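Got chain A sorted already, so can you dock chain B onto it with the hints?
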Amino acid sequence: GQQLNQSPQSMFIQEGEDVSMNCTSSSIFNTWLWYKQDPGEGPVLLIALYKAGELTSNGRLTAQFGITRKDSFLNISASIPSDVGIYFCAGQLDSGYALNFGKGTSLLVTP
Amino acid sequence: SQTIHQWPATLVQPVGSPLSLECTVEGTSNPNLYWYRQAAGRGLQLLFYSVGIGQISSEVPQNLSASRPQDRQFILSSKKLLLSDSGFYLCAWGQGTNEAFFGQGTRLTVV
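These protein sequences, in sequence, are chains A and B. The first sequence begins at 1 in the numbering used here and counts up one residue at a time. The second sequence begins at 1001 in the numbering used here and counts up one residue at a time.
Incorrect hints may appear among the rest.
Interface residues of chain B toward chain A, partial, derived using beta-carbon atoms under 10 angstroms [unchecked claim]:
| id | residue |
| --- | --- |
| 1 | N1032 |
| 2 | Y1036 |
| 3 | R1107 |
Keep in mind that the hints were calculated from the coordinates and are not lab data. Given the structure is predicted, the values throughout are model-derived calculations rather than measurements. For every residue, glycine included, the Cβ atom is placed at its ideal position computed from N, Cα and C.
Bound-form chain A, shown alone:
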């Protein structure tokens, strides 16, 4: 599969701070997805993006599909302790069936 570069690898922040993470690819994707995974559980879909330039929110989360279709970012505003987890980006190539995943951003939030 295609390699997605997700950064940062980890973040350690204080409650109330805003968080930003992103994914880039050398290939064009037609779908970008963002997931959150809690320890020992499967990833849960947070936001799905289908059009270049699309900006979508889900509560305190906002994600955008890059204009070039090769990148996406996820912002979390006013972080809270339950935001702790690993966040994954995933993209789908024009011609593929399966998603390609980034390596994840581990988020730690201190009260």
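This is chain B only, laid out in the frame that chain A set:
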């Protein structure tokens, strides 16, 4: 609504023993089905995907195989487990909009 069930949640198997992990989806028909492996809590590697009964595509050569005997049933198997097969195995389903929805995962430890 659609649900995905994956079992068992944890499994400890000796080297050389067979493996069978099962995944079923309810509330939808003709889903795309996927098996992913996650090592050390990071990075999801696609192992197999299926777009229909009896149709299996393998992404990486390995000691594992997959089968789809029924529309909403996906099975991951091995005839003889290796130590390197240890990991967190995730089943997922998708349909139409390119999103993938994950099960709770199976933690496999080969000893």
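> Any hints this thing doesn't respect? Which numbers, in order?
Replying inline: none
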